[in-house]
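Visitor: Hey, can you piece these two chains together into the complex? The hints should help.
As given, the protein sequences belong to chains D and G, one line each in that order. In the working numbering, each number is its position in the first sequence, counted from 1, plus 1066. In the working numbering, each number is its position in the second sequence, counted from 1, plus 41.
Note that these hints are calculated values from the structure, not bench results. Predicted model only: the values in this text are computed from it and were never measured. For glycine and all other residues, C-beta sits at the position ideal for the given N, C-alpha and C. Hints may be right or wrong, so weigh each one.
[To be verified] Below, a list of computed lysine to any residue pairs in the SDA-like style, where the Cα atoms sit at most 25 Å apart:
| # | chain 1 | residue 1 | chain 2 | residue 2 |
| --- | --- | --- | --- | --- |
| 1 | D | Lys1198 | D | Gly1071 |
| 2 | D | Lys1117 | G | Leu416 |
| 3 | G | Lys413 | D | His1119 |
| 4 | D | Lys1198 | D | Asp1173 |
| 5 | G | Lys383 | D | Arg1093 |
| 6 | D | Lys1198 | D | Gly1135 |
| 7 | G | Lys117 | G | Thr74 |
| 8 | G | Lys383 | D | Thr1116 |
| 9 | G | Lys117 | G | Ala340 |
| 10 | G | Lys383 | D | Glu1111 |
| 11 | G | Lys117 | G | Glu255 |
| 12 | G | Lys383 | D | Met1109 |
| 13 | D | Lys1117 | G | Pro409 |
| 14 | D | Lys1117 | G | Asp382 |
| 15 | D | Lys1117 | D | Leu1107 |
| 16 | D | Lys1117 | G | Gln408 |
| 17 | D | Lys1117 | G | Thr74 |
| 18 | G | Lys117 | G | Glu106 |
| 19 | G | Lys383 | D | Glu1106 |
| 20 | G | Lys413 | D | Asp1114 |
| 21 | D | Lys1117 | D | Asp1173 |
| 22 | G | Lys383 | D | Glu1092 |
| 23 | G | Lys383 | D | Met1140 |
| 24 | G | Lys383 | D | Glu1099 |
| 25 | G | Lys413 | D | Trp1112 |
| 26 | G | Lys383 | D | Ala1189 |
| 27 | D | Lys1117 | G | Thr417 |
| 28 | D | Lys1198 | G | Gly403 |
| 29 | D | Lys1117 | G | Arg412 |
| 30 | D | Lys1117 | G | Leu411 |
| 31 | G | Lys413 | D | Asp1144 |
| 32 | D | Lys1117 | G | Lys413 |
| 33 | G | Lys413 | D | Gly1120 |
| 34 | G | Lys383 | G | Gly415 |
| 35 | D | Lys1117 | D | Arg1197 |
[Claimed, not checked] The following label-pair restraints were derived from C-beta to C-beta distances:
| # | chain 1 | residue 1 | chain 2 | residue 2 | range |
| --- | --- | --- | --- | --- | --- |
| 36 | D | Met1109 | G | Ser305 | 58 to 64 Å |
| 37 | G | Asn95 | D | Asp1173 | 55 to 61 Å |
| 38 | G | Gly205 | D | Asp1115 | 55 to 61 Å |
| 39 | G | Glu359 | D | Gln1201 | 43 to 49 Å |
| 40 | D | Val1087 | G | Ala445 | 55 to 61 Å |
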Amino acid sequence: MYEAGSWPIRLQQIIDEFSGVDDSMERIEMLFEYAREIDELPMSEWCDDTKVHGCQSEAHVLPMQNDDGTFHLMGASDAKLVQGLMAITAIALEGLAPSEVAIFSSDYASEMGLMNALTPSRANGFRNMFRKVVQAAQEMGE
Amino acid sequence: MTFTPEQARRDIPILNRVLPNGRNLVYLDNAATTQKPQQVISAISNYYETTNSNVHRAVHTLAGEATDAYEGARSKIAEWFGIGDGYLIFTAGTTEAINLAAYAWGRHNLVAGDVVVLTEMEHHSDIVPWQMLAQEREIEIRWVPLQVETSSLDMEVFAASMEGAKLVGCIHTSNVLGVRNPVEEVIRLAHSAGARVILDAAQAAPHDRLNIAESGADMVAVSAHKMCGPTGIGALMVNAETFAEMQPFIGGGDMIREVFLDHSTYQEGVHRFEAGTPKIAEAIGWGAAIDWLAQWDIAEIHSHALGLARHTAAGLREIEGMRVFGDHGDGDGAVVSFIHDKLHSEDMAHMLDAHGIAVRTGHHCAQPLLRKLGLTSTNRVSFYLYNTMAEADFFLATVRDLVARFT
Chain D
1067 MYEAGSWPIR
1077 LQQIIDEFSG
1087 VDDSMERIEM
1097 LFEYAREIDE
1107 LPMSEWCDDT
1117 KVHGCQSEAH
1127 VLPMQNDDGT
1137 FHLMGASDAK
1147 LVQGLMAITA
1157 IALEGLAPSE
1167 VAIFSSDYAS
1177 EMGLMNALTP
1187 SRANGFRNMF
1197 RKVVQAAQEM
1207 GE
Chain G
42 MTFTPEQARR
52 DIPILNRVLP
62 NGRNLVYLDN
72 AATTQKPQQV
82 ISAISNYYET
92 TNSNVHRAVH
102 TLAGEATDAY
112 EGARSKIAEW
122 FGIGDGYLIF
132 TAGTTEAINL
142 AAYAWGRHNL
152 VAGDVVVLTE
162 MEHHSDIVPW
172 QMLAQEREIE
182 IRWVPLQVET
192 SSLDMEVFAA
202 SMEGAKLVGC
212 IHTSNVLGVR
222 NPVEEVIRLA
232 HSAGARVILD
242 AAQAAPHDRL
252 NIAESGADMV
262 AVSAHKMCGP
272 TGIGALMVNA
282 ETFAEMQPFI
292 GGGDMIREVF
302 LDHSTYQEGV
312 HRFEAGTPKI
322 AEAIGWGAAI
332 DWLAQWDIAE
342 IHSHALGLAR
352 HTAAGLREIE
362 GMRVFGDHGD
372 GDGAVVSFIH
382 DKLHSEDMAH
392 MLDAHGIAVR
402 TGHHCAQPLL
412 RKLGLTSTNR
422 VSFYLYNTMA
432 EADFFLATVR
442 DLVARFT
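In isolation and in its complexed conformation, chain G is listed as follows (with noise of 0.2 Å):
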């Protein structure tokens, strides 16, 4: 189906609402998390309505059908990304899914004085854990620097970080910049040193389908609710050999085959690595998401998403005492970082919001990249295939009015 975002709208009951203060709801912090469609809520309420029930175990018609929509949406999701579904693991998002990859495979595979790579770029969810660690076994851990200039990492030093490295761990996008990292590059240069890579995703994956078998990246982190999904759940999906190398890391419920007094047994494949009651409605959520974003070519949604951000990003540019973030180039997210000079980002936002307008403000889980650029925080507008051309000029009319007025 050709795509447009009329038709996307049609499907998303929370873009009609209107808030409090009579406006209409202008969606603009999609990079935060995304709005849902009917076909996604519906399918949670079906969820609940006719088939509720614990997977796996039980031999009961629900117990079957429930199992066979959550595993279904395993497959599909895993079939979406570009991976074997014996290789996605439900975490409940990208955060966990980082940890699960520090705590799983880090702590089997990581000792004293080995070395791990990241980027000044991270989110916090791809630096703590790390550091955690790092502090546990006394592993180094090596910065790749930001080029402010440019907006990029800097591949040089990347290179040259790699002697000893362990594994390497890269944004995929930035969730400030909107940058999408040469991650083919990084990929390649952490391989030829035997590193394993782990890619946060988190931004890409409402864009890019990301062909994770193809790309070699070793173990990859998304969330369902930046891509019309619900929130809490997300997956940290592994290829064959990394998997081969990761122990369990929560015990208890689902994962286990055998429990005895003085030892216990782990289930194989994914189900180790799930402990507990599984996210059930989340994942069949997640699954309809993807049947929905599936009506339409991803590259046509990212084409008309970094359209609206170019757009945008444009329009601050000629504001005065405005500062904007990124070069928005064919890849990259559809996000657009901005500051004014002379009006804080949070009075900023709050007058935005008096609009009906919905942006980011502060740091972005994203502390020493805001550093780097010598800020503490920035507004930021991130779009989504549902957002149109009329809402990217009503935020620029009314960001150029509070300037005009309060500065």
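Just chain D, same shape as in the assembly (with noise of 0.2 Å):
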């Protein structure tokens, strides 16, 4: 299981970069820098479906699986912010098995000190999007 302690070395790196950086406004640069590496899911397909709901912003996403039937995320929001920490949870999960995403930890994004940068209704809106992509990849394993 991926948790504290024993995350993908991809992750881990970020955790890292994140967790050395204590200037407020160098974090959210890095994290606009991130929100440009997500696989972007173009507005023509945003929908229901694809909604995170308890977000300020317009946040998608759209769990998928790669050819060789590992899990792959698209996304977007047209905060920068949103899309960051999006693309951040994409590059953590990619190329894992769905049944590996099934049960992954949320907690990096407290690791990388996001969650107390973050206001209430964001860190919700980050636990909503995070529970839709995890109940993909459960659904995915069926």
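Guide: Here it is, written out as structure tokens:
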């Protein structure tokens, strides 16, 4: 199971990268950079099924499987910070088996120091996004 | 005393706060709630340290002192707003005040087929209670449109909507646009059609003593926390005619005179609308806030805050891609809503917070208004007496920097 102390290598690198930065503006800039790395879900595909509820911004995710059956996440938001967090989630989960995603811990966001930087409504939005992704992975395995 | 923001700042401890990121607090979210002077904080803690007791019933010393302090606060607040203290009902805030109006007045005076006129500028608090009543009673709600170009209500439609109206609900000063509506004209239109008027004055009260009796408004709702008072208290102020048409809404506790197994009788006066142990410490704190504000001329306070809003709006308009709302005329609120076409409002607010600047983001509990503007969210800065030109300039410089860096 992927959880604190045993994250995928790429995620652990991102956690270390964020943990080493105290300046909040620098962290925001980093999230803006990550926002570009997601396989962006075009706005034309945003719909009720993709929408993450509980976000002040429009946030959409489309969990899917690569040809080899491993997990892949497309997503987008009109708020860059949200999309950045989504992108890190996508990187963390990329290439895992859906059964691994289904039991993935969401603690990485707090470990990166992002959860306490978020307003409660945004933290709630992150949890809703993560739950939606995990649920989709569970359904892939069924 | 001649007003200066520096004098006001000296009394407000939280303005010295250094945030966890090491930044000094620049608090520009006053339309959401204002900060509290030491005088208000001390009034509340002194009450609990020396006087705490339930009011009205017991005959012991503390009960007498607490009752005097509570009722004294009511008189002071009523006098401030220019209405008799027999017509100021304490509520939890503006939202509860409007709900009280809907239940205590609306349920006993509106029947199926009656018309309630509201505006597209309303806060949800002045929409939802009437929608709930409308669903229950088959009441018709008519909407006065917002004219986006001029940030004003369409007064021709307002006049044309009055036929058959029993109640008009209007926001005195918009919490999103800062616009002060022509409430004198609204009251005149409503009264000539035989309708009662309720004003949501949550944003107006911090800047204007309202002169309620003189204004002719039938019901006025306000919140203490937007004028340096505590949270959890506000008031519905009503004129004598409307008061006579109201029936108790919440039963029990302080509002009863006698209870029998088959029926109950109620207190006379405002107490019949204040069931349960009232908001004693909060009322005393609100009274202290009025005393504190009364050191200065409220017109000077308003002019100072509005000056900061005008300066800020003008500065924001110089930034490419920025849309700024409202024109900040003389009576308008010190509120500036804005949105950048490339920086999402939430990202903007988050980055301003990283600089210690507190602004509001979102739909401001006025979704119909935002929808009319074609938006789901704006950023909003709002000023009050303790804000300074240096803060407004720091905010503008920060926004300019963020736009340059992230777009």
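Visitor: A separate judgement is required for each hint: does it hold in the structure or not?
Guide: Evaluated hints:
| no. | hint | verdict |
| --- | --- | --- |
| 1 | D:Lys1198 x D:Gly1071 | 24 Å, holds |
| 2 | D:Lys1117 x G:Leu416 | 18 Å, holds |
| 3 | G:Lys413 x D:His1119 | 23 Å, holds |
| 4 | D:Lys1198 x D:Asp1173 | 16 Å, holds |
| 5 | G:Lys383 x D:Arg1093 | 20 Å, holds |
| 6 | D:Lys1198 x D:Gly1135 | 19 Å, holds |
| 7 | G:Lys117 x G:Thr74 | 21 Å, holds |
| 8 | G:Lys383 x D:Thr1116 | 23 Å, holds |
| 9 | G:Lys117 x G:Ala340 | 19 Å, holds |
| 10 | G:Lys383 x D:Glu1111 | 21 Å, holds |
| 11 | G:Lys117 x G:Glu255 | 17 Å, holds |
| 12 | G:Lys383 x D:Met1109 | 16 Å, holds |
| 13 | D:Lys1117 x G:Pro409 | 22 Å, holds |
| 14 | D:Lys1117 x G:Asp382 | 22 Å, holds |
| 15 | D:Lys1117 x D:Leu1107 | 11 Å, holds |
| 16 | D:Lys1117 x G:Gln408 | 19 Å, holds |
| 17 | D:Lys1117 x G:Thr74 | 32 Å, violated |
| 18 | G:Lys117 x G:Glu106 | 16 Å, holds |
| 19 | G:Lys383 x D:Glu1106 | 17 Å, holds |
| 20 | G:Lys413 x D:Asp1114 | 22 Å, holds |
| 21 | D:Lys1117 x D:Asp1173 | 22 Å, holds |
| 22 | G:Lys383 x D:Glu1092 | 19 Å, holds |
| 23 | G:Lys383 x D:Met1140 | 22 Å, holds |
| 24 | G:Lys383 x D:Glu1099 | 15 Å, holds |
| 25 | G:Lys413 x D:Trp1112 | 22 Å, holds |
| 26 | G:Lys383 x D:Ala1189 | 23 Å, holds |
| 27 | D:Lys1117 x G:Thr417 | 15 Å, holds |
| 28 | D:Lys1198 x G:Gly403 | 23 Å, holds |
| 29 | D:Lys1117 x G:Arg412 | 19 Å, holds |
| 30 | D:Lys1117 x G:Leu411 | 21 Å, holds |
| 31 | G:Lys413 x D:Asp1144 | 20 Å, holds |
| 32 | D:Lys1117 x G:Lys413 | 23 Å, holds |
| 33 | G:Lys413 x D:Gly1120 | 22 Å, holds |
| 34 | G:Lys383 x G:Gly415 | 16 Å, holds |
| 35 | D:Lys1117 x D:Arg1197 | 12 Å, holds |
| 36 | D:Met1109 x G:Ser305: 58 to 64 Å | 60 Å, holds |
| 37 | G:Asn95 x D:Asp1173: 55 to 61 Å | 48 Å, violated |
| 38 | G:Gly205 x D:Asp1115: 55 to 61 Å | 45 Å, violated |
| 39 | G:Glu359 x D:Gln1201: 43 to 49 Å | 47 Å, holds |
| 40 | D:Val1087 x G:Ala445: 55 to 61 Å | 22 Å, violated |
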